[in-house]
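Protein chains in written order, with my numbering: chain H, 316 to 844; chain G, 316 to 844.
Derived by calculation from the structure, the hints in this document are not laboratory data.
A couple of the hints might just be wrong.
[Unchecked claim] Here are the computed lysine-lysine pairs in the DSBU-like style, where the Cα-Cα straight-line distance is at most 35 Å:
id	chain 1	residue 1	chain 2	residue 2
1	G	LYS347	H	LYS547
2	H	LYS404	H	LYS782
3	H	LYS782	G	LYS782
4	H	LYS328	H	LYS782
5	H	LYS547	G	LYS782
6	G	LYS782	G	LYS347
One-letter residues, chain by chain:
2 protein chains.
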Amino acid sequence: MDMLWSGWGDPAKAAPLPDSVTGLLRDLLGVKPRDTDTHDLEEISVPEPPPATALRALADAVGGAAHVRTDTESRIRHTRGKSTPDLLKIRAGDAGDAPAAVVLPATHDEVLAVLRACAEHGLAVVPFGGGTSVVGGLAPERSTFVALDLRRMNGMLDIDPVSRTATLQPGLRAPDAEALLAEYGFTLGHFPQSYEWATIGGFAAARSSGQASAGYGRFDEMVLGLTLATPKGTLDVGRAPRSAAGPDLRQLILGSEGAFGVITSVTVRIRPLPQTRIYEGWRFASFEEGTTALRRLAQDGPRPTVLRLSDETETFVGLAQPDAIGSAEAPTDAGCTAIAGYEGTEEDTAYRREQAAAVLRAAGGTYLGAEPGERWAHGRYSAPYLRDALLDAGAFAETLETATFWSRVPELYAAVRAALTGTLSAAGTPPLVMCHISHVYENGASLYFTVVSAQGEDAVAHWAPAKQAANEAVLGAGGTISHHHGVGTDHRDWYLREAGPLGIEALRAVKRRLDPDGLLNPGILLPID
Amino acid sequence: MDMLWSGWGDPAKAAPLPDSVTGLLRDLLGVKPRDTDTHDLEEISVPEPPPATALRALADAVGGAAHVRTDTESRIRHTRGKSTPDLLKIRAGDAGDAPAAVVLPATHDEVLAVLRACAEHGLAVVPFGGGTSVVGGLAPERSTFVALDLRRMNGMLDIDPVSRTATLQPGLRAPDAEALLAEYGFTLGHFPQSYEWATIGGFAAARSSGQASAGYGRFDEMVLGLTLATPKGTLDVGRAPRSAAGPDLRQLILGSEGAFGVITSVTVRIRPLPQTRIYEGWRFASFEEGTTALRRLAQDGPRPTVLRLSDETETFVGLAQPDAIGSAEAPTDAGCTAIAGYEGTEEDTAYRREQAAAVLRAAGGTYLGAEPGERWAHGRYSAPYLRDALLDAGAFAETLETATFWSRVPELYAAVRAALTGTLSAAGTPPLVMCHISHVYENGASLYFTVVSAQGEDAVAHWAPAKQAANEAVLGAGGTISHHHGVGTDHRDWYLREAGPLGIEALRAVKRRLDPDGLLNPGILLPID
């Protein structure tokens with residue numbers, strides 16, 4: 316099934332906002348209903364397709380014209396990603412960033428052939444997995460490009476139950492990967508919010524991190540091997556779990572966001588399917604108290620599989636529990652809600668749960684029982700649907716995220732909140748800024764912000780200064796410009812500052828070597844040469 | 316204190332082999348006493364020092380001529396590393412690879428100044444930490460070079476007890492790092508066999524892995540930030556524990572072995588000093604049985620802090636227990652000895668120990684009590700001293716190591732053993748080949764081989780074909796050319812094959828950008844351009 320072209324996910328799962336929420340938006344944020352009717356897909360105009368000679372060459376590369384698409388619908392479905400500005404633009408009928416064609420290779424060699432054809436015909440290439448980028452990762456700075464849709468490369472190439480590894484193709488969606496692994500009793504354990512749509516290749520290219528990262532690790536920590544198809548040939552890395560044979564080339568490909576090549580296979584660590592899954596709620600008096608509690612577990616253990624903490628505002632609004640938003644259930648003095656989840660064998664889960672509970676209690680936590688955890692688990696992939704409904708109601712809603720070391724978390728939290736609130740309030744649309752910690756490490760944590768406000772007259776232009784101010788605040792307070800969304804085009808200019816001139820030059824040197832004509836994702840991650 | 320120039324460690328700790336061992340070597344391996352008298356240091360000739368203008372420029376870079384040394388002793392003390400061929404050459408009075416001068420910078424800026432001076436005067440630069448390389452990492456393929464000794468950069472620049480990080484200078488030796496951290500109640504937890512001499516910068520440059528890696532991780536997993544001084548300026552990486560902002564540049568510097576720049580600071584993860592340390596012995600009937608037991612713990616936990624398994628030969632010879640080698644205590648049907656160690660809080664240690672014991676027992680293990688563990692802990696840094704004594708006795712002794720995925724461990728083990736035994740037997744010096752697993756991961760493990768045989772007429776030349784055969788066996792059986800010793804010059808040609816042409820070209824592109832004149836470690840890790 317294809318994702319809703321003008322929003323998120325399965326159209327059948329879309330739900331309008333309850334009246335209570337509409338009232339809350341109106342009364343609290345001054346959101347007014349506006350004409351947000353989405354254009355009719357077939358009426359949207361897209362740029363010219365490539366010339367016939369180029370299309371023939373692409374068809375030859377992928378085994379026939381059936382796997383090269385130039386119809387409007389296919390091209391609009393591959394236009395940009397799923398950031399709020401992306402949705403606002405496509406809803407408004409702006410498909411200026413549509414690919415000239417959509418090409419669907421079935422093998423590594425076909426990907427190499429597409430790259431050759433594109434080099435010959437002067438076409439840029441944008442690899443396309445689930446299409447879920449929220450950082451402009453699918454909107455290159457070049458007008459004529461081909462979307463390289465990897466959906467036909469969606470199999471499991473190998474599984475090694477002894478070593479607990481599996482080699483997966485890049486276009487495999489996460490639920491399909493889980494289904495294939497489950498037949499052997501294994502799980503990947505990677506459950507980001509985009510889980511239902513995102514693909515293995517995208518997880519690797521963008522250094523994804525899932526909601527169970529405390530237990531299963533980030534995606535980049537799961538990767539043991541990669542194959543990369545580049546305009547200069549094939550790069551195959553990962554002969555051992557760990558090695559001292561030079562720099563770790565896997566870590567050069569992970570996070571390269573398609574700028575160096577197209578990931579055509581990923582060998583990942585797999586784990587036995589958990590016997591048990593328990594998610595529970597805890598209450599802390601303040602975000603500070605809760606942050607300290609999470610730090611204790613991250614540093615001294617035992618480590619839950621899922622560990623997250625909403626700040627006061629997010630707890631109040633109940634966005635952590637989308638089903639309850641604005642309902643009478645939303646408490647008025649809720650403090651901060653944390654979710655701790657445990658997955659594994661029954662014995663190990665019981666031990667970790669008991670030990671972690673003691674730590675959380677000692678850190679000031681009040682046990683809220685299983686209900687908040689189950690509600691979180693039930694709604695864990697719903698937030699993007701809620702955003703569609705908010706946009707429909709005339710509100711603006713967007714998210715951004717960062718990470719830093721524990722000692723800097725309070726400063727980073729305050730700086731980003733102040734930047735968002737200050738900018739949007741000054742522009743006449745005071746926002747609700749909510750935040751949660753959802754990924755913890757021994758040495759630091761991520762901060763994930765959700766902003767809801769009234770839309771400005773031009774909603775995309777209205778948001779831009781707030782996003783810029785947030786990015787400045789992130790760098791100013793010592794955070795990274797992205798913990799798990801990636802760089803794309805939206806974060807690129809701040810990424811250049813974060814990595815520093817010499818770091819960027821090192822990466823550009825790699826790109827020049829692997830992609831000398833700059834075919835791949837021009838302007839994404841790295842500036843055009 | 317300086318290390319013994321012609322061997323390992325503190326000369327006061329040297330001990331001759333017991334007569335029983337000498338007898339064993341003679342009867343089992345045909346080792347004959349030979350004239351192994353080491354030359355007198357002052358009589359060894361070294362290449363010409365650099366011209367006076369270059370020396371003046373170097374002195375200016377490091378705040379005075381006191382920090383530029385050209386005397387014979389200093390230069391011999393910075394000649395090559397501590398592989399067995401290195402020791403045999405220097406014992407024989409061959410200092411052909413001696414640096415032209417030894418330069419001792421005190422700051423990052425002084426390192427940059429040295430690089431500028433060397434560029435101006437056409438001198439290559441070899442960073443020097445503990446001097447413990449066993450892979451030719453200190454013997455560049457260029458005749459005139461400066462050893463950049465980092466011993467004056469041996470402080471702790473920062474400690475953050477909340478985030479549990481510390482920023483250390485590269486010339487800090489591991490025991491001194493532990494002493495500095497212990498004042499704050501912390502440990503780094505990195506204890507390789509070279510622990511008493513090796514430095515923080517060297518650990519990072521060569522992707523070191525310590526004996527407690529099961530609990531504390533590899534050194535590359537401990538690193539959160541790095542500063543690199545390159546001929547083109549400074550590269551500063553690591554703004555957050557984890558990030559999705561592009562490829563992980565830390566992992567490009569880790570393992571770069573000085574080819575891209577000089578590491579001038581390392582920010583590491585630190586942990587609370589353990590309350591308890593327990594090391595115990597287990598017996599398995601076979602290496603295969605023991606390997607499966609280790610895999611169970613590595614995959615399903617609980618993870619001991621130290622976990623190692625000697626094969627039948629190593630167990631028999633008792634090299635895992637150097638004090639007992641050749642003594643009457645050495646059992647004749649010992650099976651395979653494993654050591655499991657636990658460090659941490661008393662409660663956590665007790666829990667892990669109990670759970671791990673159940674796993675080991677279920678996997679066929681017999682508990683041997685604390686004695687083998689304590690003996691291992693007592694002798695954990697002694698093997699290099701034993702090697703000196705073996706060389707003194709006229710024997711040859713060397714180690715090499717690799718890693719692979721669990722399912723390939725048996726094949727890799729057999730292939731390397733066969734290569735070493737076959738080559739040396741055919742050359743008339745049938746060896747003892749011992750092996751242990753000392754680093755485990757969810758998906759695989761390291762294999763560490765020790766070879767003891769009679770020396771050939773020319774011991775260095777005699778060993779070369781065996782080492783080459785072992786390298787071929789490693790690659791042929793799917794292993795990595797090094798799990799923790801690194802690449803240097805000894806493994807370089809096999810590393811080129813492991814990383815593949817495009818991987819190597821990507822790294823050369825980085826080197827060209829950061830070190831365009833090829834000043835740094837010419838021929839080490841990467842071939843000269």
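Here is what the structure says about each hint:
1. G/LYS347 with H/LYS547: Distance ~55 Å between G/LYS347 and H/LYS547 Cα, so the pair is violated.
2. H/LYS404 with H/LYS782: 17 Å, holds
3. H/LYS782 with G/LYS782: It is violated: about 58 Å lies between the C-alpha atoms, which goes past 35 Å.
4. H/LYS328 with H/LYS782: Holds: H/LYS328 and H/LYS782 sit about 29 Å apart, inside 35 Å.
5. H/LYS547 with G/LYS782: 33 Å, holds
6. G/LYS782 with G/LYS347: Cα-Cα ~22 Å, so holds.
The structure is inconsistent with the numbered hints 1 and 3, although it conforms to all the rest.
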